[in-house]
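Peer 1: In case you want the letters, here they are:
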Amino acid sequence: MTNAHGRVSSTLELNGVSRFFGQVKALDGLDLKVNPGELVALLGPSGCGKTTALRIVAGLEYSTTGSLTVNGVRYNETPAHQRDMGMVFQSYSLFPNLNVTENIEYGLRARKMAARDRSKRVAEMLTLVELGSKAKAFPHQLSGGQQQRVALARALAIEPTVLLLDEPLSALDAQVRGQIREEIRRIQIDLGITTLFVTHDQEEAMSIADRVGVMNHGKLEQIDTPIELYTNPSSPFVASFVGLANRISGEVSAAGVARILNQTISLTRAVSAFALGTKITAIIRPETLILTSENDPEATRGLIALKSFLGPLTKLGVAVEGSPLIHINIASSDVKHLEIGQHISFKVTASEVMAEHA
Amino acid sequence: MKSGVVETPKTAQGGRLGSQVFPLLPFFAFTGYFLIWPVLAVTLRSLRGNEGEWTFSNYTPLLHGSYLHAFVTSIKLSLVTSVIGSLLGALFAFVVVRYATGRFSAVLDSISAVFANSGGVPLAFMFIAAFGTEGLVTRVLKTLGWDIYAGHFTIFSFTGVVMVYSFFQIPLMFLVFKPAIGGLRKEWLEASTNLGATQLTYWRRVAIPMLMPSFIGAFFLLFAGGFSAYATARALTVGTVPLVPIIIGTLVDGNVVSDQQNLGDALAVGMIIVAGVAMVGYIWAQKSAAKWRQS
Amino acid sequence: MRKQFIIGVVAAALAAASLVATSSVSTAAGKDFSKCQNLKACGGMDALVKAAQKEGKLNVITLPRDWANYGEAMDLFTKAFGIKITDDNPDGSSAYEIQTVKTAPASKVPDAVDVGITYALDNTNLFTSYKVENWADITADYKDPAGRWYGDYAGVMALSYDTSIPKAPKSFADLKDPSFKNMVAIGGDPSGAQEALMSVFAANLASGGSPDSVQSGVDYFKSLKTSGNFVTALANGQNFLAGAYKVAFSWSFNGPGAVATAAKAGKTVKYVIPSDAVIKGTPYVMAIPFNAPHPAAARLWTEFLFSQNNGKTSMTIGSTKGMTGSKIFSSIMGGQNIWILGGALPITFDAMVAKKTNVTAPEGYGIPKGVKVITPTVAQQDAAKTLLKAQWPAIAGN
Amino acid sequence: MKISPFKWILIGASAFLSLLIFVFPLFAAATYSFRGEAGKGRSLANYRWLLEQDGFYPNLFTSLKLAALAGILSLVLMVPTMVFLNLKAQRYKPLVDFLCILPLIIPVVSLAIGAQVAMPEFVQNSEYELVFFFAIIALPYTYRALDTSLQTVPLKTLVEASRSLGASWVATILKVIVPAIRSGILGALFLAFALGIGEFTITSLLHWETFPTWTVGAAQSNILGAIALSVFSFVGAIALLATISLISRRGTKPESLESEDEGVLL
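Here the protein sequences line up with chains H, V, C and W, keeping their order.
Residue numbers for the first sequence follow the working numbering, beginning at 1 and rising by one.
Residue numbers for the second sequence follow the working numbering, beginning at 1 and rising by one.
Residue numbers for the third sequence follow the working numbering, beginning at 1 and rising by one.
Residue numbers for the fourth sequence follow the working numbering, beginning at 1 and rising by one.
Calculated directly from the structure, the hints in this document are not laboratory data.
For each residue, glycine too, the CB sits at the ideal point set by N, CA and C.
Some hints here could point you the wrong way.
Claimed, not checked - With a straight-line Cα cutoff of 20 Å, these simulated SDA-like cross-link-like pairs (lysine to any residue) come out: (1) W:7 with H:61; (2) H:112 with V:203; (3) H:112 with V:199; (4) V:291 with W:95; (5) V:186 with W:153; (6) H:136 with V:289; (7) W:40 with C:162; (8) C:264 with W:36; (9) C:225 with V:149; (10) V:287 with W:93; (11) C:264 with W:39; (12) W:93 with V:26; (13) V:76 with C:394; (14) C:84 with W:55; (15) W:93 with V:288; (16) H:120 with H:110; (17) V:76 with V:87; (18) H:136 with V:288; (19) V:76 with C:393; (20) V:287 with W:92; (21) C:57 with W:209; (22) V:291 with W:92; (23) W:40 with C:263; (24) V:142 with W:27; (25) V:287 with H:98; (26) V:287 with W:154.
Unchecked claim - Covered by chain C, per the in silico footprint, the following chain W stretches (three or more residues, Cβ under 8 Å): (27) 31-45; (28) 109-122; (29) 199-210; (30) 221-231.
With the hints as constraints, model all of the structure from the sequences given.
Peer 2: Given below as structure tokens:
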């Protein structure tokens with residue numbers, strides 16, 4: 001695939017890649033294909049293996065088994081410094097003794113690029129990340145956001161086959177984070193560069209990626225588009241890791257159906273085989289709960305314990321006997337009259353819910 | 001301070017002179033009273049003759065003969081030992097930071113602190129016990145077929161004193177330089193590798209320039225320390241390595257010459273002057289090595 | 001920590017203040033012993049001992065226990081009179097002694113010093129007049145007519161050697177023999193250390209030189225260095241034990257102590273007075289600082305060191321409880337004889353020989369018959385130092 | 001990462017050098033201290049002798065006390081000074097740097113004599129005066145150890161973050177900076193402490209009795225005892241410092257892990 005800049009995008013493929021540290025399986029048979037020009041985010045909690053995967057791709061870590069290919073060419077044995085992959089680290093990765101220009105041209109010098117070409121490329125990169133005025137500044141004179149933009153420019157300057165981003169935003173404060181995130185995405189689409197992005201922040205992954213892979217215990221649980229992942233999680237882990245969810249206990253009352261709160265609700269296909277009488281924990285998204293009349297036979301009564309205004313939505317925390325606080329998201333206009341301490345009735349509107357063994 | 005792109009808040013550098021000095025007052029008061037005041041006393045005394053008259057006559061012998069020779073020897077010894085000490089100390093620091101566990105490294109810190117402060121008769125004894133004519137190492141090497149005393153080597157020579165000095169110079173370097181190596185972040189090496197550079201390039205372009213200011217600082221410390229150390233050389237040899245502080249000791253605190261303290265004081269001031277000159281060189285080197293660090 | 005520190009400072013200051021107070025009380029109560037200039041003026045031995053015992057303490061300074069038998073002198077003094085001795089900086093120098101008299105806080109000033117003669121000459125005003133009972137026996141060359149300082153003992157330059165070496169040296173000339181390769185050492189840089197300087201004078205004399213120029217002595221060491229016999233190791237106990245050298249030029253008055261010390265560490269050492277030259281050192285000098293904190297004890301200590309008695313030693317002395325001061329004093333060995341036992345030449349030696357009050361010197365420390373004994377003058381020593389400053393580095397350096 | 005032969009060359013060279021320069025001399029000296037009566041056989045007699053000396057414990061205690069106070073004084077004085085120096089008063093750095101190197105240049109003999117002339121009597125009458133001079137003599141080391149360490153942390157960022165969250169200067173230094181430069185602080189403390197434990201010249205010139213000055217007299221007629229004393233001082237000081245550092249490591253994340261293994265399991 002060729003993009004607007006005339007660059008060729010690559011395909012990155014991992015097949016059965018594992019990494020063991022003694023008994024610990026940091027990565028356990030990862031299969032992943034990143035298509036040309038695609039941005040795939042690997043999402044998961046600490047220790048799930050996502051960073052290990054990224055580092056294996058970069059050549060900073062060795063895989064115990066499995067193969068790594070770029071455009072069909074095996075890369076396992078290629079030394080890290082010959083892989084032509086641009087990587088952006090979490091923080092502090094700029095060389096403090098080199099100024100912005102020198103940092104960006106570091107990879108170009110290593111490639112013995114002629115001085116004139118080098119300064120041309122640096123200028124391009126500075127424009128790309130909108131830091132033309134800081135060309136001579138040293139890293140400690142830049143803000144965190146600016147530093148990460150330089151890091152991105154430095155990684156892109158070598159025209160990498162694949163761009164690797166290792167939690168590039170986690171050291172930044174919230175406001176800058178959103179801004180840089182959008183910038184990364186803009187540049188990535190602009191250059192059409194195949195990108196692997198590692199993060200533990202589901203909101204970040206969902207908002208930036210073409211596809212998100214959720215990892216747990218060294219394994220890829222599910223990889224899908226953000227919307228698919230959110231609406232059709234393939235496992236309880238994915239369901240609770242992606243987006244907010246209430247965990248409410250219940251019991252299987254018939255084949256594929258469970259009694260949850262005062263309602264009987266179908267279980268998703270993935271978990272419909274639970275035996276009768278199984279105690280379960282259902283995973284229910286806050287926006288699938290609505291307020292209802294006290295007289296509704298399916299209604300559950302509760303006490304408002306928490307009310308937080310989130311702009312268009314307001315989050316209510318409702319205390320129900322025998323259950324942790326249940327969160328309900330409701331249009332702010334609908335809850336003006338509700339106060340903490342007031343009793344309300346609500347019910348689940350979802351037609352199907354994800355559940356796991358209690 | 002110099003470039004327009006600096007974005008840091010003004011408060012960091014701006015401030016009035018007073019607010020900059022104020023937090024340093026305890027330090028200046030302390031060193032002023034316990035260091036400068038006694039030093040001034042010495043300096044003033046060096047400008048007096050034996051009858052109490054003001055004179056520069058104490059300084060004239062410094063430029064000739066045995067005193068000049070002592071200055072040259074002192075500078076030579078401290079240069080040689082600080083070069084050896086700083087290079088080997090840096091090597092040790094690197095190896096330990098890179099390959100040792102935290103616990104082992106903590107124990108090494110303790111050992112280094114004690115070694116760095118060792119000297120005098122006990123240290124001289126240790127090296128004679130190891131490298132003297134009847135020393136442990138000497139005997140072991142002899143059984144292996146190498147008689148180190150066959151040639152010109154003796155532990156009671158300049159070379160020997162240099163060896164003994166390593167015992168405190170290397171640990172001193174190790175201790176003060178280790179944090180600098182520890183400050184090298186793994187990400188820098190990884191970023192460098194990722195950008196296509198070899199390890200060698202990384203060391204040449206990033207690691208060594210990063211370490212340079214600390215290295216220069218530590219080197220200067222070793223130089224100054226070597227310049228003023230004398231107890232070990234004195235406990236080991238008999239005028240083989242005539243050092244300025246040994247002569248000062250003899251003049252100011254000896255059994256032989258009475259009433260030459262003023263000359264001793266002049267020698268002490270001479271040492272301060274040499275150190276001051278070295279200091280200027282050090283500040284210059286430090287500045288040019290740390291350009292990237294000044295905001 | 002700060003609080004603790006302040007308490008410490010205050011406590012120490014109070015302690016010091018009380019010390020000053022008690023010492024002034026003791027002098028005010030009885031006689032002022034800081035002014036009396038001889039035993040009679042001090043009220044006789046009984047009164048002096050009584051007053052000294054009341055002070056209870058004696059500050060001495062830079063007295064190594066194995067130097068000139070001072071360990072025995074101090075032990076005997078304490079056992080006989082029950083006066084506790086504090087020895088400040090046993091390895092210190094004459095300059096340190098003078099410095100301390102000049103600048104130390106009142107309670108730390110030494111009660112008596114034992115310094116090189118030039119230090120006494122340059123600082124006469126620091127000392128008080130006190131003429132000991134045996135004043136007349138002190139050689140006139142080595143006493144201040146006013147009694148502010150006077151010589152106490154001297155030594156001759158001897159050779160000390162490890163008896164395990166194949167050939168025992170008898171003279172300085174012997175040391176040129178190839179069998180002494182890597183064996184001969186001296187006690188410091190001769191341009192700065194007294195013992196080493198006297199070693200050069202001795203070698204000079206043995207090589208036929210006059211004390212007016214030590215060139216022959218310098219050449220002697222140069223040839224030893226060339227032949228590899230001279231090692232530039234500092235001669236001291238630890239270096240000797242480690243095998244740094246086997247033969248050294250040493251003061252005779254340290255001999256018995258050094259031999260015993262070496263024996264404890266498993267080395268057999270012998271001292272020999274060389275047959276080809278004897279250099280006798282300028283005597284060390286005793287003086288009482290005018291601000292001595294224990295004036296009576298200071299005077300008693302001085303009388304003790306110049307006493308020619310032959311009596312009990314620290315090993316043989318019994319209880320002295322109930323004895324009068326003069327009885328104790330006359331029952332114990334005096335300092336002059338203690339020095340003889342230590343291999344030193346006490347200042348009143350000639351008078352003692354005449355009066356037959358001297359004890360027999362330990363074997364091997366007698367001066368061989370017919371050898372010329374020379375004591376270099378201060379001027380000769382200064383000339384030698386100048387010469388050595390210029391030439392020594394070429395010998396010791398390499 | 002892969003084990004390279006380079007690593008083993010470095011480790012091997014370091015080990016060999018340590019053996020030659022540090023281990024053999026110390027070991028050779030130590031063997032003397034285990035000689036028995038009259039230098040024969042092997043025994044602990046010299047150490048027993050040591051413990052039997054009257055002055056052993058009191059002087060050891062004095063030295064430990066003074067050295068510890070000197071270490072603490074050094075830190076109390078130098079940590080804030082160095083922080084301000086690096087943060088706000090860069091222009092004074094050469095001056096402070098020079099003042100801190102001075103104690104190394106001035107012969108201690110001269111300093112001590114100057115001190116005797118310059119200090120008032122009440123200071124000279126307290127053994128705690130040594131604490132000040134130990135701290136002075138330790139300045140070159142404390143300065144360098146702290147400075148090197150401060151260079152490795154983003155000081156400005158830390159302070160701004162802490163101050164913006166409302167922390168006082170004292171709290172900022174104690175809770176933010178001190179933990180960040182722990183290794184430098186320990187290094188400075190150890191150097192000052194070890195110096196105080198072993199300091200001889202100024203102590204003796206100011207007429208105080210501490211462990212090192214007591215040693216000279218105590219072991220004057222017992223060479224093997226003197227050697228046992230120096231071996232004891234060496235090993236004792238190392239053991240003490242090592243214990244302190246190992247205890248102080250508890251609860252904090254080991255630094256080497258921080259820089260070495262981070263990310264491996266993430």
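Peer 1: Could you run down the list of hints and mark each one as holding or not?
Peer 2: Hints versus structure:
| no. | hint | verdict |
| --- | --- | --- |
| 1 | W:7 with H:61 | 18 Å, holds |
| 2 | H:112 with V:203 | 17 Å, holds |
| 3 | H:112 with V:199 | 16 Å, holds |
| 4 | V:291 with W:95 | 19 Å, holds |
| 5 | V:186 with W:153 | 15 Å, holds |
| 6 | H:136 with V:289 | 17 Å, holds |
| 7 | W:40 with C:162 | 16 Å, holds |
| 8 | C:264 with W:36 | 9 Å, holds |
| 9 | C:225 with V:149 | 15 Å, holds |
| 10 | V:287 with W:93 | 11 Å, holds |
| 11 | C:264 with W:39 | 7 Å, holds |
| 12 | W:93 with V:26 | 15 Å, holds |
| 13 | V:76 with C:394 | 16 Å, holds |
| 14 | C:84 with W:55 | 15 Å, holds |
| 15 | W:93 with V:288 | 15 Å, holds |
| 16 | H:120 with H:110 | 16 Å, holds |
| 17 | V:76 with V:87 | 17 Å, holds |
| 18 | H:136 with V:288 | 17 Å, holds |
| 19 | V:76 with C:393 | 15 Å, holds |
| 20 | V:287 with W:92 | 14 Å, holds |
| 21 | C:57 with W:209 | 17 Å, holds |
| 22 | V:291 with W:92 | 17 Å, holds |
| 23 | W:40 with C:263 | 11 Å, holds |
| 24 | V:142 with W:27 | 18 Å, holds |
| 25 | V:287 with H:98 | 15 Å, holds |
| 26 | V:287 with W:154 | 19 Å, holds |
| 27 | 31-45 | holds (count 5) |
| 28 | 109-122 | holds (count 5) |
| 29 | 199-210 | holds (count 3) |
| 30 | 221-231 | holds (count 6) |
The structure shown violates none of the earlier numbered hints.
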